[in-house]
Every structure is written in C-alpha cells, then in structure tokens.
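2 protein chains.
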Amino acid sequence: MLIHSASQLLTLTPGPQRGRDLGMLNIIEDGALLLEGETIAAVGPTPDLLAAHPSEPRLDASGCAVLPGFVDPHTHLVWAGDRAAEFERKMAGAKYLDILAAGGGIISTVRKTRAASLEQLLDETRPRLKHMFTHGTTTAEAKTGYGLDTQTEIKLLQALLALDAEGPLELAPTFLGAHAVAPEYRDDPQGYTDLVCSEMLPAVRDWWDERHGQSSTGHRPFVDVFCENKAFDLAQSRQILSRAKELGFPLKIHADEFDNLGGASLAVDLGAVSADHLVKTSEADIAALGKSDTVAVSLPCTPFGLAESEYTPAQKILDAGGILALATDCNPGTAWCESMQFVIALACRALKLTPAQAIAAATINSAHAIRRADRVGSLHPGKQADLLILSVPDYRMLGYRFGANLVRQVVKRGRVYEIA
Amino acid sequence: MLIHSASQLLTLTPGPQRGRDLGMLNIIEDGALLLEGETIAAVGPTPDLLAAHPSEPRLDASGCAVLPGFVDPHTHLVWAGDRAAEFERKMAGAKYLDILAAGGGIISTVRKTRAASLEQLLDETRPRLKHMFTHGTTTAEAKTGYGLDTQTEIKLLQALLALDAEGPLELAPTFLGAHAVAPEYRDDPQGYTDLVCSEMLPAVRDWWDERHGQSSTGHRPFVDVFCENKAFDLAQSRQILSRAKELGFPLKIHADEFDNLGGASLAVDLGAVSADHLVKTSEADIAALGKSDTVAVSLPCTPFGLAESEYTPAQKILDAGGILALATDCNPGTAWCESMQFVIALACRALKLTPAQAIAAATINSAHAIRRADRVGSLHPGKQADLLILSVPDYRMLGYRFGANLVRQVVKRGRVYEIA
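Heads up: the sequence lines are chains A and B, in that order.
The first sequence begins at -5 in my numbering and counts up by one.
The second sequence begins at -5 in my numbering and counts up by one.
A few of these clues could be false.
Note that the list lumps identical chains together, so a pair holds whenever it fits in one copy or between two copies.
To be verified - Keeping only pairs whose Cα atoms sit at most 27 Å apart, straight-line, the calculated DSSO-like set for lysine-lysine is:
id, residue 1, residue 2
1, K89, K310
2, K89, K224
3, K106, K274
4, K346, K274
5, K149, K89
6, K89, K346
7, K310, K106
What the hints contain is simulated information worked out from the structure, not anything from laboratory work.
Produce the complete structure using the sequences and hints provided.
As structure tokens, this is what we get:
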C-alpha cells in the first residue's frame, strides 16, 4: 500500500534525540510511504513514490500530517475498580489521611485487583486500551504493581501478555512488585523488600522464561521500583534493582515524584533503561542523567491530575544533554489519562516544549525508553508500519489544540484502522 | 422512546444553582426517561416507567450515567485559519511583541476571516462543531468578533445562523464587534467605539430584525464587549453595552481576563446576563456578582492554554453567593478546545470544584448564562430531550478522568447519535 500526498510526513531521526537536539522531525512535505505487509518499504516525496510504484493500492493522505504512532513508555494499565469517590473527596478538600481512613489510596486498588479474576481484569482494561489506541498510541509499556503478592503479580503479567496477544496495540510489560509495600508488610518494608528479592523476582523470571516467546518480542520484562518516601528508600531500591539486574532483567525506576531520594542517579549507576517522574530531581541527578543513556521519562499528567504546580525540569534536563521522553502514567490514583495527545498539549505548556520537541519525546525517544526503537518510533524503511494519519495538515496542531482527538486513521503493522 | 436502567440519571434542579448550592445533581439510581418527539415527557425510576409504558420502544442505558447535554456558554467558534505557528513561537519563548511583529495575534485571524467567503467559514467551523457535539455539547453560545467591520461581523452572524439551522448542535449567537480595536482604528480606540455604537449595533439590530425567526429561537443575539487593557476601557465598555441595551440586546461582557478594570461590576450594574473570564476579579466585584443574577462564567481553558497559573477565584464567587458556570472559550488564540469534558476535568483541579459542582456549572448554570434554561440544562418533563449517555456508570468519572471522550451516545431533540 502507498500512503501518499501527506501535507507533512514526519519521519523523525532514529534517535535517541539527546538534549537540545530534541525535536528533529525530518519532515517531507507532500510525503509518501510504501508499506509491504507490516513493514515500511520506502519513504519519500509523493511524486517519486507514485512514479516508482504506479500500480500499488493507494491511501490518500492529502491535507493530513502523518507521523509515527505514539509510544507510551509508562502506564499502570491493569487494575480493577476505580477511585472516583476518592477523587471527589480530594476535590472537596479531604486530606491524604482522611482518604486512607475512608478506605482509599493505592491499597484499595490492590484489594480490588487481588479479588478480580483474570477475565475481569481483561474486561476492565480493554476500554483503556481502546482509548489509548484511538488517540494514537500504537505501543505502550504496562506495569504490574496492584498485586503485591507473587500470585497476583503473575496474574497481572498474564493479563498483559494476553492483551498484547489480542492487539492491535503492542505492550511491553514491566514487573513492579515494588510499587508499594504490601498491606501484610505495612510495618516491615524491609521484610517486603526481601520478599520481592528472594521470592518474587526469581518466580517472575522462571514463569517468564517458561513462556518465552508468548510476548510479541520475547524480551524479558522490565523490573521497576517506586523509590520514594512511604514506598522504597534508596537502599531498598538499590537492593531490588541490583537483584533484578543479576537475574537478567532490564531496569526502570520511579524517581523523585514527591521527594528527592537519589533515585535518578541510582538508575544511571545501574544502567537502567529509564528513570521516570523526575519532578524533585536535583542538579546532581540531572547532570548524571545528562551524561547517561538512561532515558528521562516525564509524566506531566501526574502533577496535573493531582492539581500540583511543579513539573519535571525538562529544560534543565535538555540543557544537561539528557534524553527526554513523555508518557501518560495512566493509573487510577493520580492520572487516569490514556491520551498521548493530551500529554503533548500539557508538556508544551508545563514543560515549555515546542510541539516538535513534544512529538519527538512521545515517539522516537519514548521508543528508546522501552528499547523498541529498532522497530517503532520513527518512519524508516525496515521499521514496523505503525503510524498516524491526522485529520489536520500541520503537526503543530498537536500541542496547540487540546481536548479533542486529531487522529483520523491509525496504521498498526500495516493495517489501517478508521478512527474519525 | 424510553431510555431505561441508567445507573445514575442526573436530572439536576431547574436552577440557577447559586453559591454553595452548586452541585445538586438530583440523581435517580436505576433511572429512566420517557421521550415524546423532541421533548422529555417523564422522568423516574426504571421500574415505574417500564410499568407505565410497557410497549414504548426502549434504549438500554444499563451501566451508564445519563445527564443533560452540556451547554457551552462562551465560544468564539467562527474564524478562518489557525495560529499554530504562533503557538510554536510562544512555546519557544517568543514575546508578545515578537509575535505581533511576525504577523501574529488576533489581527492575523481578523485578516483571514475578512478574506474568507461564507462557505469557507462554514467549512472551517463544521469540524469544530463536530468535536463539540461528539464530546457532549448540545447547545453553545457562539460569538462574532473576527470581522471588526460591519460587513464582516454580519457575515459571521450569517454563518452562525446557517450552522444553527444545520444542527444538530444549537447555537445562541452573540455580536462581539467590540472584540478588539479594528486595525483601521489602531490609534483611535474611541473612534472605533463610536463606530460600534453608531453604525454596527443599529445595523445588526436592523439585519437581525429583518430575519427574525430564522434562528432557532428568534431571540435577539447577545452583545458582548472585551473590557480589558489594549481593548476597551471601562468607559468605552459602558458606552457600548449601554447603547446595546437601549437597542434591546441582552448583554454579556469579557471582564478581568488579564487586568481588573471593573467590568464585572459594570455587568451587574447594567443587568448583563453573564460576566465571563473573571480571573483578576476584585473582592468588590465578587461581592457585586454574588448579589446579582449575572452569571459568572469561568473559562479555565484560557489560563491553561496560555500556560498561566492564575484561574477564576471560584470558591470566593461561591462563598459570595454567585451563580457559577463553565465554558470552553474555544478560540484560535488562547484556547482551541472544544470539549466541555476537559473543562470539567480542569475546573475540578484549577477551581477546586467537585465533579458534581462542575457538572452543574456546565449544564443548568451554563443554560442560565445564555437564557436557555427554560428549554435545556436539566432533565424535567416539558424540557427539550438533550442528554448524554456516558460509557461509564458514575458521573464522577467526569473530572476524575481526562483526555478521553466518555460519551457513548448524544440525544439531541430526542434523536440518538452514536458516538463511541
């Protein structure tokens, strides 16, 4: 199939787009793409590709900007229930402790998720995947972390593999047994840390390796930890991630969402693939990220969701030479948002990115943040045919406009899905 | 038709919901609505209505919250072109004067709008109306104001009447010839003010009265003025609105968006239907609003769109007894947003409203802000059958969630439109 006459074809660079190089869209005006099955075979000006492939079936993208499908590199995705009542109480002025006393907080989601069957989890998650896909996300990372016991955490991995297999959206799974201290270990966080290291991580490795090949890639899942006050301190985070590394897992970290514990530097030290959140990140941590290959993943929906005013110091990260990516953080507690289009609009304002920078951070750099940049995140021959045909001619409408879906068609592995 | 089994049927009160009474949703659990043609004939518990009307055709709303269609009481809606390039320059750090020098700002939209044919304006506006409608807006106010000469301003009114006649979304038109000082009068704002009073307003009245009955209601349009530094000062605003009142127009005002000039108190003084923006509103102005029937319309997308941190002091307005409503302000300069769902999510966070308060402000109170509460904004027998069937069972998902469209079906004048 030949997609032709795109007003702007954003091919991007293979990246990662580091520091002030962020935002290289490599635009072909009146651009065209030749697809062969699931793969991009050629990219170029429309007249050239039409002349070279005159009898190819055509898809007219006149008046449309075309860009890579969004890669969302940080979502929590699989949970049961919701916390709408808790949100209402928060907006009415309730404090954190009142909410816990009323049965709210992450542990309420853990309770519901443990009680849910695999089928129920799949049923509750599919509408979220549909929102993500219709808003242009073609690949997403997705974490466990509402089980907090070995059995439920593996049930969540099962759910992620099943949803990945259903498609069309591809999922890159992450094991986040260290999302919070399990309620059974409320007074013994070190005991829970030891459990993660001695029981959960080996169990996940064994379970995964038995099924190797059932995921779309066969890669081991990422292992992530929530390095934060009231979750896991720096030593516990190091203990968990070091053990995961020993066992052969690639690493991620939740760092500096509410307090600076040094998680970003720990990520760099251990060679983690990404460090995520990065709100209270220190100058030293920023400098460390800037010299590393660890991708700095900003989640602006989280401060927005919590009505906070402080966001990732993105400009400092760019000045330091860091690799900046964007994600939704889709989760039931702080940011139930499936749309990378909204993330882009918010990042322009809260992180002071240009639309071009935000788009690069949401495609090629976020593909690097989940080690899938060999297949997705830019539009080049040999890469997977994952792309968006917008209903508007100018990429800058992403960012400038907000609240509506600007995707007309999603192309995933060469197949066209009509959106609006 | 009988819409039945709604998990929550939000009927609201006829309003206006004043001060701390905001948020009365009057929910019927397992609720049903009987529609007769374009009108609501009955509202009540599902078992009662099913028993009373056993052979009526049915629409099953199980698992869905049902509420009045949103009324968006402040949009600019009809313009030509876009300012995406200007947005990009702003995010890259350009100052206001640089943008003007590069041909940006409101006057660039005026130039394009003057040059556009009526057909072109309709073509450019229809996609915005579609986004509004699919996101649940069933009635919207819409302003002229990108003409700034008599002929173009009347062309914009023509466009609004034509789009209202096309439907399904109903439009309440507003004449905003005093949106900015026309470029021809750049150095003579008083001269332009005099032109609005002596030429434009009488011309609009004559033109409108000739066509009386072509709009969906036959009401005269509102007359609005942008009372702000670099637009119209308080005396000029009073001159324009007083003249409009003499000529029999109902009044609105843009007040306190960037500076406090006393516009809100002027609105109260003249008996305006609404005062809109209200960011820099003083305690005295808030007190005046609180004692009046002038609806306080907050436009949180505008500070959001401009990446500013100050919003309408909504809690103070509620404490003072004011009637608070919400709108998008959809426009190409500061807030290209069509979605009242996003306005609700933003208002919860930036104005500290509960979802219930935000919904009441976006339905019944916003209907009062355009004098249509006799027909829309709540679900009661005799009112127009304008309502939303959500894809979720709990109204609090509005506000809590953001970025995705939660409307499953829009019912407009009794006709069902499938959305997702």
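Status of each hint after checking the structure:
1. K89 - K310: Classified as between: cross-chain Cα gap 21 Å, same-chain 32 Å, threshold 27 Å.
2. K89 - K224: within (16 Å within a copy, 43 Å between copies)
3. K106 - K274: neither (31 Å within a copy, 45 Å between copies)
4. K346 - K274: Both: 17 Å inside a copy, 24 Å across copies.
5. K149 - K89: neither (33 Å within a copy, 53 Å between copies)
6. K89 - K346: between (31 Å within a copy, 14 Å between copies)
7. K310 - K106: Result: close neither inside a copy nor across copies, 40 Å intra and 38 Å inter.
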